[in-house]
Amino acid sequence: MSAVRDQSPAGAPPDAAAAAAIPDVRLVDVTKRFDDVVAVDSLSLEIPRGSFFALLGPSGCGKTTTLRMIGGFEEPTEGAIFLGDRPVTGLPPYRRDVNTVFQSYALFPHLNVRDNVAFGLRRKGVKGKDAVGPVKEMLHIVGLEGLEGRKPRQLSGGQQQRVALARALVNSPRVLLLDEPLGALDLKLRKQMQLELKAIQHDIEITFVHVTHDQEEAMTMADQIAVMNGGRIEQLGTPTELYETPNTAFVAGFLGVSNLIPGMVASEGTVQLRRGPLVHVSPEVIRGRSGDVAVGIRPEKIELGDGQQNVLSGRVVESAYVGVATQYIVETPCGRITVYVQNARAGSEAAPVGSALTLSWSPEATFVVDSTEEEPA
Amino acid sequence: MSAVAVRARPRRNAAASIWAGVRYHVLTVYSALFFLYLLLPIAVVILFSFNHPTGKFNYTWQGFTWDNWRYWNGVPGLQSAITLSLEIAILASIVATVLGTLIALALVRYGFRGRGATNILIFLPLSTPEIVLGASLLTLFLNLNVVFGFWTILIAHIMFCISFAVVTVKARLVGFDRHLEEAAMDLGANEWVTFQRVTLPLIAPAILSALLLCFAISVDDFVVTYFNSGSSITFPLFVWGAARIGAPPQVNVIGTAIFTIATIAMVTNVLIQNRRARTAAAAF
Ligand SMILES: Nc1ncnc2c1ncn2[C@@H]1O[C@H](COP(=O)(O)OP(=O)(O)O)[C@@H](O)[C@H]1O
Ligand SMILES: [Mg+2]
Chain W
0 MSAVRDQSPA GAPPDAAAAA AIPDVRLVDV TKRFDDVVAV DSLSLEIPRG SFFALLGPSG
60 CGKTTTLRMI GGFEEPTEGA IFLGDRPVTG LPPYRRDVNT VFQSYALFPH LNVRDNVAFG
120 LRRKGVKGKD AVGPVKEMLH IVGLEGLEGR KPRQLSGGQQ QRVALARALV NSPRVLLLDE
180 PLGALDLKLR KQMQLELKAI QHDIEITFVH VTHDQEEAMT MADQIAVMNG GRIEQLGTPT
240 ELYETPNTAF VAGFLGVSNL IPGMVASEGT VQLRRGPLVH VSPEVIRGRS GDVAVGIRPE
300 KIELGDGQQN VLSGRVVESA YVGVATQYIV ETPCGRITVY VQNARAGSEA APVGSALTLS
360 WSPEATFVVD STEEEPA
Chain S
0 MSAVAVRARP RRNAAASIWA GVRYHVLTVY SALFFLYLLL PIAVVILFSF NHPTGKFNYT
60 WQGFTWDNWR YWNGVPGLQS AITLSLEIAI LASIVATVLG TLIALALVRY GFRGRGATNI
120 LIFLPLSTPE IVLGASLLTL FLNLNVVFGF WTILIAHIMF CISFAVVTVK ARLVGFDRHL
180 EEAAMDLGAN EWVTFQRVTL PLIAPAILSA LLLCFAISVD DFVVTYFNSG SSITFPLFVW
240 GAARIGAPPQ VNVIGTAIFT IATIAMVTNV LIQNRRARTA AAAF
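Top line first, the protein sequences correspond to chains W and S. Residues 0 to 376 (numbering that gives the first Met the number 0) are what the first sequence spells out, left to right. Residues 0 to 283 (numbering that gives the first Met the number 0) are what the second sequence spells out, left to right.
Chain S on its own, in the form it takes in the complex (with noise of 0.2 angstroms):
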């Protein structure tokens, strides 16, 4: 009975480990597919920030040259809106990104009337069409005899960044352990304190990620801030300006530039985050 089982065992792994490299090798196909899909698109952006175009449109390969990256703001009005969209950008996902901590934590943290009309005012930026949005805040503006430009646009930005920073902070912190802020407290540290030693640095991971999706986000929005922007031009109105009357290729530096740095910033967070998994995982 058992020599049968042992002569059967090895025929069993013969078959299962065909089966598992049929599956492993689908796998990496589809897999490969998948990312072909994903980046050829990317991989035309970057390609084409090496053509060398002879007319104003960019989109047929004449052949190589690094002038455009070398006269990146070679392109009049290119340079301005990139200043302006890196602006906004900044200050507005650091005002958002503060402020929805803070609701964040008077959402999670406190019973108060209206708790529950906030949660839902809060998704409602999220779950609004943009064009909606923009069109609403385009009247508000007008109504208020606003002068349209760099305010607006960023007032526009913080709005619906913040719902981002709030769900975004707000998951970390329905996670957390509300027994190691007393612990904190039971061991002498005040409200002022707990919140600097104990809180902040449990959630700043949540807070960078919101910053630097409230950073994604504002840096290439084009509906809400067309609406908004009077005559003020920030990068994607630069784009969507250029690109009916011919792109230039240095559109496509920018874009490479945006991706490699984005990639890079990825990158080393997945190896920060296995690196502290293998000591972890090391310490036992």
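Only chain W is shown next, with the shape it has when bound in the complex (with noise of 0.2 angstroms):
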């Protein structure tokens, strides 16, 4: 797990760097069945302290489940969860320092905003008045001042998630969990709400572990990303692990578009290409695979020309000007390969349908996943 952004707050006992690695949510081969469903499948997860944390997966590949057995709100059938070094599968979730932005905001409705935002405090003793400073402070944050009287009905969406932000956060919990908190928000709106709730969690210093099936949305708020595929995790890296260098098929073809194309490890920095030719890669990428495995390239990182180490030729099937790139589909003998070019000078000229192309990248800009074909019956 990469290095912990050091947010351990001021005045923090000498051992605090000791107490910073000691990650905010660990799962231990966590396994959850409903019924015949495995909905997470012996998953073990380390969540640093302080950390944006994003869980991202197609829909139906268990986060929302992850993030209830952390909540407290489903048990785990098997495995054990720990909230730093507190275990604390078995307990209810009013016993757990960690608080739940629902997808469906679920507030209180015969409640106003203020007391929404104070039920917590309420819970937990703070009387009359003493909530009062807590709860503005609060709603300050979020941006919701002189809305303290109103019920939720009376409220947009994008104001009802705000409150259910703060009625979360004014908690101070050591984590706060976000179930696809922007998912029933306009575009506009959910993209400004990604940079807020960003910014928020850089201000507060509370770990976020946040569920989206967004991949734009995960990169551009989480510090980690988990990706998820039916109850287990894929890969868990930082976005631009993620993205440069996927593991696996699923995590390439999930954030962003690549080219995959067949082929077989020849040695320690070479790949044969089943249909093509042979291809350097960086040695790390192949992480001691061997035999059959996929080279991947993403469009934007191939170049016209020979001008890179890696050369493939082919002839344009289809050619589409963006604006800002054209997206060229290039036939080659080891299938179709996606090619954006960057409309870097004006008035440059794209390549005409049927007209030869040779491609080029580096292999540094190539990875390696495991073989996506079926095996050979």
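Worth flagging that the hints you see were computed from the coordinates, not collected in a lab. Check the hints yourself; a few may be wrong.
What the hints assert, rightly or not - Okay, derived cross-link-like pairs now, SDA-like style, lysine to any residue, Cα gap no bigger than 25 angstroms in a straight line: (1) W/K150 / S/T198; (2) W/K197 / W/E179; (3) W/K150 / S/H178; (4) W/K150 / S/R277.
Note that the structure is predicted; figures quoted are calculated from it, not measured.
These two chains come separately, so use the hints to put the complex back together.
Set out below in structure tokens:
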């Protein structure tokens, strides 16, 4: 796991470094079965203190179930969950130092904004006027001053979302869980809230665990992303790591567009394409694989011409001008390759359909994933 | 082209408004007739509570008097019948609503063995003819050698009220967002506090409806009560008995009073709802 950003609060005890080393959330071999459905499949995970952590994956891959097990709304069938160094498996939600922003917001319809936000403080025994200060401050942070007296149904979706956030954060939990919190907002508001959430997390230094199926959202906000598929973590890393060197075809395909070309590992730094030339890759991305693999290249990392070490030729079958770039589909012996070429210079002519093109890319821009083809029967 | 369209529009509007006017008045007339049909019998009941009958029968108008209202309990047995009916109705509706709410919670919230069967059994009293219900209960009580009276009536009323309470509260719980309770627990409320602070306030309207419904059903039940009352006399039994020998106008007085109270309660409810809807709309 990569280095944790140093966010230990000022005035922390001397062994703050040691405390920061303990992950805020730790799942050990957690499995959750619903009857015969395995929602989460022996998943292990450590979420470093103070990080903005995203669980990313397609619908039904077990993100919500994972989050609900951390929050205490579901108990794992097998495995253990720790918050800091405290095992919490079996504890009800009200005995866990985490708070949740629900996808549906789940604001109490019979309480106004002030009482919604104060709900957690009241349960902690904060009496009367003592709750006013923290509530006011939190409403300021989320930008909802002046709406204290409104009922949830008198708020817009975006405002409700902010109340849900304030209601959770006012309790200063160890970890904040967010289940697709922006899912119900329109695109513009969603973009804005992504940045705001990120800024709030940075200011208050609470660990955020953010569930989403939107790769762009995860990349924008998270320090670390766990890509989930079928109840398991496919790959965990920073957005850059996941994008530049995806480990599996699933990750490569889920985060953006990539070209995958079947081949076979030839040496420590080369892969022989099935119906093409030998390509050079950096030895790290092979990760000890041998035999059938697939070589991956992002469309924007491919150049026209033979300026780079790995070269492939083909014929243009489709060409689309999309303003900032021109998108080509090139038919090569290895299959169709998607290429994005930036329109950096004015007036550059696009290669016409049917013309021959030479494509090249550097070994550093190349990644390797397990073979995407079915095992031969 | 556009000029034609502009000129054509007023004519279409005029036609539309005439048609709307016709429809408006048809609806008015229809509604008036409908309400007349509904309200005429009630009007007669109210009117005859001021009648001054000369004989035993309160069926022909003899003259106006306040006496029936002033001496509303002037008929032997009437006051005790009303008292008994109110006692039974209050107790039965409270017990049935509490039990019904708990049953509804169990049925909606928990999967348990026999949930499907319970769901069907709850509906049975609603669909069984009352006369069958009353007669079977009579048989049961007879076999158990129970003394008929207050307690048998109460048990019978609780029995058929529970179904109504369950159905009413269940309807509200089915649309209840479970995440609300999870949110409460997430914010530090244990199960009991969650129930008190979130569940109960949110299903309170349904509980109140159930209470009123049970009260209304209990207070005017005749068939089941008739089978299981022994020598006790509730208000409906009194009216029935009195009607055979000539119902006194005081029966109309009680009927009018009940109607008035119910109407006031209903109008108040509607006004409150409207006010709420208006403040909600105004806040935007
Ligand atoms: N309460 C439940 N009962 C039965 N199956 C469930 C339940 N909750 C989730 N599942 C199943 O578990 C899988 C993972 O669901 P979920 O965690 O909600 O996925 P995600 O949030 O990634 O979309 C799905 O196949 C879903 O149908
Ligand atoms: Mg989900």
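Structure-based check of all given hints:
1. W/K150 / S/T198: Within the cut-off at roughly 17 angstroms; holds.
2. W/K197 / W/E179: holds, 14 angstroms
3. W/K150 / S/H178: Cα-Cα ~18 angstroms, so holds.
4. W/K150 / S/R277: Answer holds: W/K150 to S/R277 is near 13 angstroms, not above 25 angstroms.
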